[in-house]
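Q: Protein sequence lines correspond, in order, to chains A and B. Numbering follows this note's numbering, in which position 65 of the first sequence is assigned residue number 65; successive positions increment by one, without gaps. Numbering follows this note's numbering, in which position 58 of the second sequence is assigned residue number 58; successive positions increment by one, without gaps.
One or more of the hints may lead you astray.
[Said to hold, decoys possible] Cross-link-like lysine to aspartate or glutamate pairs, in silico, EDC-like; alpha carbons within 20 Å at most:
1. A:K36 to B:E75
2. A:K56 to B:E52
3. A:K57 to B:D98
4. A:K56 to A:E67
5. A:K51 to B:D98
6. A:K36 to A:D18
7. A:K70 to B:E82
8. A:K69 to B:E52
9. A:K70 to A:E54
Everything labelled a hint here was simulated from the structure, so no lab data went into it.
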Amino acid sequence: GQQVMQIPQYQHVQEGEDFTTYCNSSTTLSNIQWYKQRPGGHPVFLIQLVKSGEVKKQKRLTFQFGEAKKNSSLHITATQTTDVGTYFCALLILPGGTSYGKLTFGQGTILTVHP
Amino acid sequence: KAGVTQTPRYLIKTRGQQVTLSCSPISGHRSVSWYQQTPGQGLQFLFEYFSETQRNKGNFPGRFSGRQFSNSRSEMNVSTLELGDSALYLCASSQGVDTQYFGPGTRLTVL
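Please model the entire structure based on the sequences and the hints provided.
A: Structure representation (structure tokens):
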């Protein structure tokens, strides 16, 4: 089945530095979602990308979907301690002929921000 | 609107026992999905219910089962617990095919 590889597994940055996590697939993706999970918390939906080359921004977060729809990235500019957590990409896999599906998550990138 | 609620939040069981976890979705959401989260395997999809019917199922053994009631509340059951079933079990509700809203999870420890 479709899977995504997410890298890096861990990222330690100093507050103010930028951070990027990547999701890569060997097959073309119909969509990709991004979630954030704070330590001790639950995943929270951030965004969904569906179009080739799509770029979306949420304040300091920039999400990008590759032109070939085989990769995606999440970039955080000037990290803050509130950015700490695990960032997951996820594929919504729709079985043929249906309009519903299941999420397949990447392994996540654990971000640590040192003040 | 109130968010997704899950009960209990913490549970300790011994091997061989069975357990039932409960999830109440956001009002108006008819789809409920269950996920297992462990440090080694990450977030894995268990199953999804919509209008009391299981629409999708992940690759878990038959010991894992679920159901959904007419008010969209859902339960999952794990029988004959094994040590490896220790995990955070997350429930998520949605209206459609995009945003999933996760509950706080039930932390299950199997001794």
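Q: Hints first: check each against the structure and report whether it holds.
A: Quick rundown of the hints versus the structure:
Of the pairs offered as hints, the one joining K36 of chain A and E75 of chain B is violated, with about 25 Å between alpha carbons and a cut-off of 20 Å exceeded. About 36 Å separates the Cα atoms of K56 of chain A and E52 of chain B, which puts this hinted pair outside 20 Å; it is violated. For a cut-off of 20 Å, the pair hint linking K57 of chain A to D98 of chain B stands: about 18 Å separates their Cα positions. For the proposed pair K56 of chain A and E67 of chain A, the alpha carbon gap of about 14 Å is at most 20 Å, so the pair holds.
This hinted pair checks out: K51 of chain A and D98 of chain B have alpha carbons roughly 14 Å apart, not beyond 20 Å. Distance hint between K36 of chain A and D18 of chain A is fulfilled; the C-alpha atoms sit about 17 Å from each other, no more than 20 Å. For the proposed pair K70 of chain A and E82 of chain B, the alpha carbon gap of about 37 Å is over 20 Å, so the pair is violated. Taking the CA atoms of K69 of chain A and E52 of chain B, the gap is about 34 Å. The hint is violated against a cut of 20 Å.
Taking the CA atoms of K70 of chain A and E54 of chain A, the gap is near 12 Å; set against the 20 Å cutoff, the hint holds.
When each numbered hint is compared with the structure, violations occur for hints 1, 2, 7 and 8.
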